[in-house]
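> So you can see what is in the structure, the chains are spelled out below.
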Amino acid sequence: MSAFRALARAQLMGWTRDRAAVFFTLLFPLLFLLLFGSLFKGAGAPHITLVQSGPVVLFDSMTAQQRSDLSQELTLVRDDNQADALTKVKNGDDDGVISQSGTGQLVLRFSVADPTRAATVQGVVNGIVQQANQAASGRPPTFTLTTAQVEDLSTKPIQYLTPGLLGWAIATSGTFTAALTLVVWRRKFILRRLRLAPVSLSAVICAPVAVTLLVALVQTAIFLAVATLPYYGLRLSGQWWIAIPLVLAGSLAFMSVGLLVGSWAKTEQAATGVAQLIVLPMAFLSGSFFPLDNTPGWLKGISTVLPLHHLTTAMEDVLTRDRGWGAALPTLGGLLLFAAVLTAISVRLFRWEDA
Amino acid sequence: MTAAIAADGLRKRYGEIRAVDGVSLEVHSGEFFGVLGPNGAGKTTTLEILEGLRQPDEGTVEVLGQRPWPRNAALLPRIGVQLQASAFFERLTAREQIVTFGSLYGVSGSRAAQMLERVGLTEFAETRAEKLSGGQAQRLSIACALAHDPELVFLDEPTTGLDPQARRNLWDLLREINAEGRTVVLTTHYLDEAEILCDRVAVMDHGRILKTDPPATLVRELDAPTRLTVESGLLGAERARELLAGGEGGTAVPDAEVRDDGISLTIATRTPAPVLALLAEQDALRGLEVRGATLEDVFLQLTGREYRA
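For the protein sequence lines, the chains are A and B, in the order given.
In terms of the numbering used here, the first sequence opens at residue 1 and continues consecutively.
In terms of the numbering used here, the second sequence opens at residue 1001 and continues consecutively.
In isolation and in its complexed conformation, chain B is listed as follows (with noise of 0.2 Å):
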C-alpha cells in the first residue's frame, strides 16, 4: 500500500503552546483515517500542517509524495479541504458556491448541479449559503471541497453543532466518499463518530498521538471488562456477590464487581459468559445490556482521564 501521507515529527510551538509535540502518522492511500482528541488537542493544527497552510517548526510531511509547504501549486488540485468554519462567499447561492469554488480549479460549472445532488442540496440550489441549516451548510461545504474530484480529502470536525439525524446523514455521505476510493482524514472530537467511520484511528491529546490503530483493536487490547445491565430488583446485590463468589447454587467469577444503583444491576467481568448463564438462571434477565469497551474507555486508560469533548 502506497502511503497517501507520510509526517515524521513534526511540531510546532505558538509562543509557551506547544500546539503539535511530535506527531508522526502514516495514512494509507484510500484509508479512512481520524485523528480523535478534545478541542485543544492540536488535531487542527496537525491538519493545517498536512493541508500546507502552516509551516512546522520542525518535522517533514509528504502529502501524495510531495511537500505541502510552501504553498505548492501542483499538489493543490489533487486534495480538497473542507473547513472547520464554513468558508462561502456573501450573498451567493449554494450553486452559485460550488461553481465559483469549482472555476477556481478549472470546472465547469455544468457539475454543480450533479454536486448538489450528490450531497442531497438539490432543492436548495437557488438558497443562499446563510440561510442554510448547520447540517446543510456542512454538505454543501462538502460540495465545494469535492467539486474538483481531490484524491485526498481533508475535513475538520464536519459534524460539531448538527443534530443527530443530520449527523448519520452526513456519515453515509462520508462513507460514500471514502467507498469511491478517496483517502479521507477526518479529525472529530466524537468517539462514537470515530468508531463508526474511520479505518483507523489516532488518539491525540496535548499535540501528541497516544496510540493509532484500528477502533476495535484500540477497543479490544483494552482488555477492558464487559459491563452487564439487568433491572434493579430481580436479584439483589448482597445474593449476587455471593453467587459469583461461587456459594450456594452459584459460579465463581474472581474478577466481578457487583453494583446497584436502585436502577440497574451491573455485573463489569472479562469474563462475561458463566455471569450470563447465571443471571439466566436466577431468571433476572429483564432489560439485559451488555456493553463492551468503547473508545471512551481507550481514551481513559491513554490519558488517565476522563474524556472531555
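Chain A on its own, in the form it takes in the complex (with noise of 0.2 Å):
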C-alpha cells in the first residue's frame, strides 16, 4: 500500500509540474469549451439585416413600440442608394433589401445563398404584411396564431458541446497519459527499478491510474462548472452525477488503448504520434465537436463502433436529457468490456525493457 502511495505520489507530483501536460489535459479542452460555447451561442433562428430602400410607408408609419418589436427579429438599415444595397445582399452582408413601387407594392429582393436566411427573411416580412393587411381591415382577425418554441435542449449547442469535448478531453488524457508513461517508464528503466524493488506489480499499474482517473474527475468538475454558468446556460439535469460512473468508465477505456499503444510503441515520439491518430479522428467520427445528426449515413455507421461516441452519447442523455441508469448502463457496461479487452491484449505485448 505504501508502494502504491508512494508511486501515486510521484506521478502526480511529476504529472502537476509538467506545465505542457497540464495545458494539454485540463486548459485545451477547456479552451475548446469557451471558444465554442460563445461562437455557438446564439444558434437558432438567424438575426436578419434588411436594407430599407427608399421610403417605406410600412415602416415609416410604425410606433416606437413596434420599432422594437420588430428588432428582435430583425436590424432595420436605410440606404436609398438602391445598387449600393443589392451588392450588399450579393455579397452576403446582408439579408435583403425592401423597397416600395407605387402605393402597396413592396419589393423584398434576397440572396438565396443561406436558405436558412432566406427563408427567416421572407417569412419575417410577410408576417409584416399580413399583419398590417389585417390591422388596415379593421376587423378583429378570424384566426389567430400562438407559437410556442417546445423546449429540446438538444438544440442548444453547450447541450452536446459539454458533453461531445468533455468525452474527447478525457479520451486524449487516458489515451496519452497510459501510453507515454508506459513508453519513459521503460525508456527510463523506472519499470526495471521497480522489478527490482519489492513491490507488486499491481501497485506499479494500479498507480498511474488512479492519478489518471482523478485527473478525469478534475476534468469533469472544471467543465460543468464552466458550462453551467449563467453565461454558457447548461441546466443539468436530475441524475447528471451518473455522468461520473461513465466518465471513470470512460478514462479506464481509454487508459486501455494508451497501453495497447505504449506496449507497442518504443519511442515517445512514436506513441504521441500514434495516440493523436486514433483519439483525434475517432473525435470527429465521433461527433465531439459537432452532432452527427445531419451526417451522412455511413459516418454514424462508424461511430456506432467507436467507444468515445457512446461515453459521449451516454453522458448527452444523463447531463442534459433527464435520462438515467437506463441509458447509461449499457455503455458503462460496453466500456468496461472494451478496457478489459484490450488491457488482456496489451499484457500479452507488454516488454519490461526494449530487448
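A hint or two may mislead.
[Unchecked claim] Heads up, simulated DSS-like pairs for lysine-lysine below, C-alpha to C-alpha not over 30 Å straight-line: (1) A:K88 / A:K41; (2) A:K90 / A:K188; (3) A:K266 / A:K300; (4) A:K41 / A:K188; (5) A:K188 / B:K1131; (6) B:K1131 / A:K266.
[Claimed, not checked] Restraint ranges, calculated between C-beta atoms of paired labels, are given here: (7) A:T16 / B:W1069: 31 to 41 Å; (8) A:F23 / B:A1179: 43 to 53 Å; (9) A:G334 / B:G1065: 29 to 39 Å.
None of these hints come from the bench; they were simulated from the model.
Cβ coordinates follow ideal geometry from the N, Cα and C atoms, glycine included.
Can you join these two chains into the complex? Each is in its own frame, and there are hints to help.
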C-alpha cells in the first residue's frame, strides 16, 4: 500500500509540474469549450438585417413600440442607394432589400446563398405585411396563431458541446497518459528499477491509473462548473451525477487504448503520434465537436463502433436529457468490457524493457 | 567466509550472440568484487542475471543463499542496485526521488536527508534530478540504491562519463560503502578503477571470465618487465645497450630492452635493481620513472590484444 501511495504521489507530482501536460489535458479542451460555447451561443433562428431602400410606408409609419418589437427579429437599416444595397445583399453582408413601388406594392429582394436566412427574411417580412393588411381591414382577425417553442434541449449547442468536448478531453488524457507513462518508464529504466524493488505489479499499474482517474474527475468538475455558468447556460438534469461513473469507465477504456499503444511503441514520439492518430479522428467521427444528426449514414455507422461516441451520447443523456441509469448502464458495461479486452491484449504485448 | 554470491556455469544467448558463455564466480561476504572488461564483454548481462532481472539459459545462481530467478520478493530488500542508466522519476527533486524509492521498501521519508548528506548532495535536495550533473546524478542513483540499507550492492559502471575529479569523489564514497560491511559488486571498463577499489577482479571478455584474483596478484603473476624511464639525452641508447651487455664499466642485464623515442629513454627489465644502480653511476636519473606492469598488461596477456575500453 505504501508503495502504491509513493508511486501515485510521484506520478501526480511529476504530472502537475509538467506544464505542457497540464495545459493539454486540462486547459486545452476547456479553451475549446469556452470558444465553441461562445461562438454557437446564439445559434438557432438567425438574426436578419434588412435594408430599406427609399420610403416604405409600412416601416415609416411604425410606432416606437412596434419598431422595438421588430428589432427582436430583424435590424432595419436605411440605404437609399438601391444599387449599393443590392451589392451588400449579394456579398452576404445584409439579408434583403425592401423597397416600395406604387402605393401598396412592396418588393423584397434577397439572396438564396443561405437558405435559412432567405426563408427567415421572407417569413418575417411576409408576417409584417399580413399583420398590416389585417389591421387595415379594421376587423378582429378570424384566426390567430400563438407559437411556443418546445424546450428541445438538444438544440442548444452547450448541451452537446459539454459532453462532446469532455469525452474528447477524457479520451485524450487517458490515451496519452497511459501510452507515455509506459514508454517513458520503460525507456528510462524505471520499470526495471521497480522490478528490483519488492513491490507488486498491481501497485506499479494502479498508481498511474489512479492518477489518471483523478485527473479525469477534476476535468469533469471544471467542465461542468464552466458550462453551468449563466453565460453558457447549461442546465443539468436530475441524474447528472451518473456521468461520474461514465467518466471513470471511459477513462479506463481510453487508458487501455493507451496501454496498447505504449506496449507497441518504442519511443515517446511514436507513442504521441499514434495516440493522436487514434484520438483525433475518433473525436471527429464520434461527434465530439459537432452533432452527427445531419451527417451521412455511413458516418453514423462508423460512429456506432467507436467507444467515444457511446461515452458522449450516454453523458449527453444523463447530463441534459433527463435520462438515468437505463441510458448509462449499457454504455458503462460496454466501456468496461472494451477496457478489459484491450488490457488483456496489452498484457500479451507487454515488455519490461526493449530487448 | 560465507559466499554472498555463488554462480556456476551461467550462459545467456541472444540469437547468435553468446553474451554470457559459461561464467562461474564466487563473491565473498563483505568483499569489493570487480568485473572488468571492455564494452560488450558480457559484464552487464552477467550482473542482470545475478540481480534476478534475467533468467540464464543455463547455470545456477545463489545470491545471499537464495535464488534470484524467478523474481524473489524475499531477496529484493536485501540487495541494492544502481543501474547503468540513472532511472529517475520525471520532474522530481533529489530528495523526492530518495523518498519515493525508499517508500517502495517501506523506508520512512526521514532517511532521505541522511542519505543526501551521505552522498554529499544536501545542497541539491530540492534540485530536480534532470538538472543534476553526471557525477551528482550517479551519487543520487547510489543514494537511491542504498536507501533501504541493503547488504549487497550492485554498481554497474558508476563512473562512466564522469570527469576525473567526480570519479575520485565517487571512489571515496564506494570505499566507504564497502567499509561499512556491505558486499559490493562493481562492473567497470576502467582498469585503474578496478585496481584501486577492488579486493578481487574478474577479467571478462567475450562472455567469459578469463581470470579472477586480487589485482596485485594478477599483475605479479604476469611477471611482466618493469619499465625505467629517464629523460632522453642523458645517456645515449647505444651506450646504454653497451653498458647493459656487460661492457666497460657496465653490468650485464641480459633481458634489458632499450628504446629511445627522442623524449625519453626507456629500459624494460625484470631485474630493475642493477639497471637503477647503473643509471645512478652514469648520473642519468633526471626525470626517473619506474612503472611496473598494470592490469592493462594483464589484459593484453590474457586476451592477446590491446585493451579497448
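> For the pair supplied as a hint, A:K90 and A:K188, is the alpha-carbon distance within the 30 Å limit?
At roughly 62 Å apart (the allowed maximum being 30 Å), A:K188 and A:K90 break the hint.
> Would you say the C-beta atoms of A:F23 and B:A1179 sit inside 43 to 53 Å of each other?
For B:A1179 against A:F23, whose Cβ atoms are near 50 Å apart, the range 43 to 53 Å holds.
> Are the Cα positions of A:K188 and B:K1131 separated by 30 Å at most?
holds (15 Å)
> With 29 to 39 Å as the target window, see if A:G334 and B:G1065 comply at their CB atoms.
At roughly 52 Å between Cβ atoms, B:G1065 and A:G334 fall outside 29 to 39 Å, so the hint is violated.
> So the hint says 31 to 41 Å: do the beta-carbon atoms of A:T16 and B:W1069 match that?
holds (38 Å)
> Is the straight-line distance between the alpha-carbon of A:K88 and that of A:K41 30 Å or less?
holds (26 Å)
> Between B:K1131 and A:K266, is the straight-line Cα distance small enough, at 30 Å or below?
holds (25 Å)
> Checking one constraint from the list: CA of A:K41 to CA of A:K188, max 30 Å. Satisfied?
Measuring from Cα to Cα gives roughly 47 Å; hence the hint is violated.
> Does A:K300 sit within 30 Å of A:K266, going by the straight-line distance between their CA atoms?
violated (34 Å)
Consistency note: the structure conflicts with the earlier hints numbered 2, 3, 4 and 9.
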